[in-house]
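The chain contents come next:
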Amino acid sequence: MKVSLVSRDISSRAVSALVALDQARFFRRRGDVVRVYLADPTGTAPEDVAELVTVVRLADLISGRDAHFRLSDLFVYHYCGHYSLLESIRGIERGLVIFCHHPLALPPPSADDTVREAYARDLEGLGLMHYADLCIADSTGERDQLTQQYGYAADRTYVLPPAGGQAEVGQTEARAADLLRY
Amino acid sequence: MRVLMISNYFPPNYAGGAELSAFNACYGLRNRGEDCAVLSINGRLPEEVDQQRVYRGVPVQEVGYRLRCPRAAWQVFDPRVYRRVLYEIRRFRPDVVHVHNVSGTSLAPFLACRRLAVPVVLTLHDYWLLCPNNMLYRADGTLCEPAARSGWCGRCFRRYDFWGNVPGRRRVFSWAVRGVSLFVSPSQALIDLHVAAGYARRRFRLLRNGILPEHFEQPSTDRVREVAQDRGLYKSLLFAGAIVESKGMATLIQALPLLERYVDRLCLLVAGWGDQQFVSVLQTHTPSPVRMLGKVPFYEMGTLYSAADLTLVPSVWYDNSPTVIYESLLGGTPVLGSAIGGIPELIRERETGYLVPPGDPVALAEAVIDHFARSPLERRRMRRRCTQYAREQFDIDVHLGGLLSVYREASGKQLAQEEG
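Top to bottom, those sequences are chains P and S.
Start counting at 1 in the first sequence, then tack on 1, and there's your number in our numbering.
Start counting at 1 in the second sequence, then tack on 46, and there's your number in our numbering.
Next up, chain S with everything else stripped away, as it sits in the complex (with noise of 0.2 angstroms):
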């Protein structure tokens, strides 16, 4: 089968979860004799791009272009991406158009494949066609209800992402959307708040993000070595991601010292980087060590997983299905996260983790204690239990399987629309 995937961002540039799950995809098609290639496309860089290049083994197409008019409008549709779009296609003549995040390409990429009448298929990995922020997150943190119609979100939490904030947004983007198949999610909890806000439920499948772990490399630089050769000497978190509000920071922030109360020896590995406020304070933060690794490359992530002791996943968002948590199940390091959005659907009370309410540090502070407090023989069977369930759950040839019967019900469903 020839595969087109659009991404707004492809490793390694940049990669985030929904980069890193498009990258697998890619790389275990190929691997499976399937013809996939990318088409990374950017309405809004700082420089324009127009490169052929091939990251571990798999080709992608780079093109970038710069931000011309900031206006919302072009944030809906941008006649650039919609034009290279039309010629990918026609040259690469897939069966299926694969999307990802494309925020940054405007809706574009979905009229084009209409008007040359692919079949398309839509991976979310936020709330992008509900919320101009892609989050569903006010600036008073409070969340949106999906089901809630607001004509001009003026409340948004701004700081993250915002575009095509426009007057009947939402109808807009189910109008761009509607020639996609189906729509692929890996929660429940994402469907459900899509389907709350109006969109059929029978558009959707759920299928949990695969892991690739042979593309975990031994870390190059000198602080990812030392926090593995310092494994065991302390009692280490680790937070991975985004220093932002909407991951939980605040609430992580707020936990320190009660943890620094009640576990000894304790050390906070931060690895990631974003608002400079939260940064200040986690480098000024006495007398708990906390180790600032600034961003690490996601293939040297593995050597942190393993080496912490516990993952914290604190997001206060509807957060979709965290890639950290299923790589930190892999290499054997329970998660603590957030009882919001799909991160319960990750995680097993007690046996691979722990889930708090959203926001409340003391909850959060409470069951670390509560997890150092096990016996060394519990946290190491609980270790071994996570990664068999990882092993289980997240397997990547699953995932692939499931693509693959995806893209051939999309295949279908086109066939059947253009005969009908």
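Bound-form chain P, shown alone (with noise of 0.2 angstroms):
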């Protein structure tokens, strides 16, 4: 199986970028062709996975420029915000695409209109899960949100909280194999 798993980062402390960084390691280790999509190419990949990531420009991935997008039988979008490589969910034919939501960070009062603006940017953003066949959730207040707030049908909706909440390296991992069941 081809997988595409596309994501802002990889790199930070972020729940986002580790789980997208386990499920990697997990349909590698399945002997799935698995390539890591990112539009971010500041920070480092850790080395066992630096060999699956590509950075690359929405332009790639719509149009058909990349081979191993264009032919995948999976893709797993992570959300934790807006950001380019998104919008690529919307013109895809075939497969499975899934929509991982990460909780959005709330500014803080004091933020500034910038920080709000793209609070909202993101929160915009989420109407993109109507594009997934299934969307997963870190947690049911989540689910419930993105059932209730933003129309997406319950039944395509599932919850598949994080290692620990914690979110330590490695502790996800075991999360990914449950994607499969969906």
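Keep in mind that the hints were calculated from the coordinates and are not lab data.
This structure is a prediction, so every number in the text was calculated from the model and none was measured.
Be aware that a few hints might be false.
What follows is a list of derived Cβ distance ranges for each label pair [claimed, not checked]:
1) Ala68/P with Thr267/S: 15 to 23 angstroms
2) Glu52/P with Arg394/S: 43 to 51 angstroms
3) Met338/S with Pro104/P: 48 to 56 angstroms
4) Met2/P with Ile415/S: 30 to 38 angstroms
5) Pro303/S with Gly44/P: 24 to 32 angstroms
6) Ser140/P with Pro422/S: 27 to 35 angstroms
Restricting the straight-line Cα-Cα distance to at most 20 angstroms, the calculated cross-link-like pairs of lysine to any residue (SDA-like) are [as the list claims (entries may be wrong)]:
7) Lys281/S with Arg91/P
8) Lys281/S with Arg420/S
9) Lys281/S with Ala68/P
From the derived model, a few chain S residues whose C-beta atoms are all more than 12 angstroms from chain P [unchecked claim]:
10) Asn77
11) Arg99
12) Arg112
13) Asp141
14) Thr188
15) Ala296
16) Tyr308
17) Tyr345
18) Gln439
All residues carry an ideal CB built from backbone N, CA and C; glycine is no exception.
Build the complex: two chains, separate frames, hints provided.
Here it is, written out as structure tokens:
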């Protein structure tokens, strides 16, 4: 199986990055052909998955130039706020598309307009989940929010909490296996 | 149960829908522990053949005779075929003989079975009982009315197949198959047309064909591999089968300019061979990329179906139950088919494909444009529905179960007749 993981980054300590990283390891160990697509060239991916990472522009994905992405059977998008590569979710014609939603950080009361606008854009970007076949939330509270507030189908929304709540490297990998149940 | 299947061709020599159906049934029955063998016999071959071979575990006795006498009478009864079928039945001692397409063998297999009082089941893949070219399709492109009793079919569409064109043909054929216990049809449309022509409805059993997805292999030819690699670069339409008028090739060619105008990055994949006139038009067609793939082995077709975005079956004759539709749906590719014959029975409008009036290039183009105007998400879901539908509806185990019931019923009928 060809798997495409799309994430903002995999080098930070953010939950989305750690989950994406462990999914990459999990699918590779299973024998799948995995690529991790990142928009952000900054940061260094852990050595063992560095070879799986491709930094691309949105145009590379939507034009069909990237053959692995074009021919993939499974697409997993990690959402922790809007980033350009997410837009590629709109045009996927084949395979299964999973939208992994991770909690957005609420701006502090003291945040300036730029931060607030970015947050508003992140919320707006959640609409992209409607292009996915399945949606995965980190908690039941988030699932309820996605289904009630954003109208995503409840029967296609699943809860898959990151391991331990601390999201330490390696602990979420077992959860990646749960993806396949869906 | 011991089953002898008789067919005029058998894979890999020739693998149209009828031959694949015979192969799938025989292979499946053997996997279930039934003793099933094939007699592939033909009286119209260029070379004499008499050999035993095994094809994917299925034992096949392949017998071929040269066409000695091209007269219609010889096509109605070939004594060489008669003698050989008698011999094979005595040798194999089947509980049931299952006859598939026998164009080219004459009616001799039925007469041989009757002489030895063996129960016979006949799968009808086309209209050969009613029509010398098997298709109820005339040279002027009109369709034959099965209820009308034509004495001599002079206006038939002769380029496809044409056999046993004798006066009172339907009566002769009806008499020859009176020993057939049950007719199996993969479509209701075919049953209805035979009933309209005078056959008793109670003799027919509707049984959809079953498919064996495990027989699809990775492509061995570059041209098929390239199509798989280019998946997603084009909006690809697939036409698979004989490139002939009756399969709607003229309609498709007429629709191409419209499609080119309204569908960007269009690519028409053509897998098959046939009428050179159509082939030339397709080969020289510009600017739309038409990829002529030639004859693709049936076990490589899975790759093409998966790579295509939409499969076209624009037939203009009463197409019975095209294998292309079964396999395309299994590969997740929706089918745009003509609303004729048994095609509408296999397609759920806008769920697994589209139906258009036969011979209408504008309607065909409109449906293709409509398909590509749907959102990628809708098309993705449609693909999933196609696979699910094919797995449910065309499951080989359902087919084999049905077949065994038909065999048992046929054996029972035969016993009743003998006792009666």
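Structure-based check of each hint:
1. Ala68/P with Thr267/S: 15 to 23 angstroms: Given about 20 angstroms between the Cβ atoms, the range holds.
2. Glu52/P with Arg394/S: 43 to 51 angstroms: This hint holds: roughly 45 angstroms between Cβ atoms.
3. Met338/S with Pro104/P: 48 to 56 angstroms: Between Met338/S and Pro104/P, where Cβ atoms are some 54 angstroms apart, the hint holds.
4. Met2/P with Ile415/S: 30 to 38 angstroms: holds, 33 angstroms
5. Pro303/S with Gly44/P: 24 to 32 angstroms: About 52 angstroms separates the Cβ atoms of Pro303/S and Gly44/P, which means 24 to 32 angstroms is violated.
6. Ser140/P with Pro422/S: 27 to 35 angstroms: holds, 30 angstroms
7. Lys281/S with Arg91/P: holds, 16 angstroms
8. Lys281/S with Arg420/S: holds, 13 angstroms
9. Lys281/S with Ala68/P: holds, 16 angstroms
10. Asn77: Consistent with the label, Asn77/S stays out of reach of chain P, its closest Cβ about 27 angstroms off (over 12 angstroms).
11. Arg99: holds, 37 angstroms
12. Arg112: Non-interface label stands for Arg112/S: nearest chain P Cβ at 49 angstroms, farther than 12 angstroms.
13. Asp141: It holds; Asp141/S is separated from chain P by about 45 angstroms at its closest Cβ, greater than 12 angstroms.
14. Thr188: holds, 40 angstroms
15. Ala296: At about 30 angstroms from chain P, Ala296/S clears the 12 angstroms cut-off, so the statement holds.
16. Tyr308: The claim stands: Tyr308/S keeps its Cβ more than 12 angstroms from every Cβ of chain P (closest is about 18 angstroms).
17. Tyr345: Holds, since 21 angstroms exceeds 12 angstroms.
18. Gln439: holds, 22 angstroms
Comparing the model with each earlier hint shows a violation of hint 5 alone; every other hint is respected.
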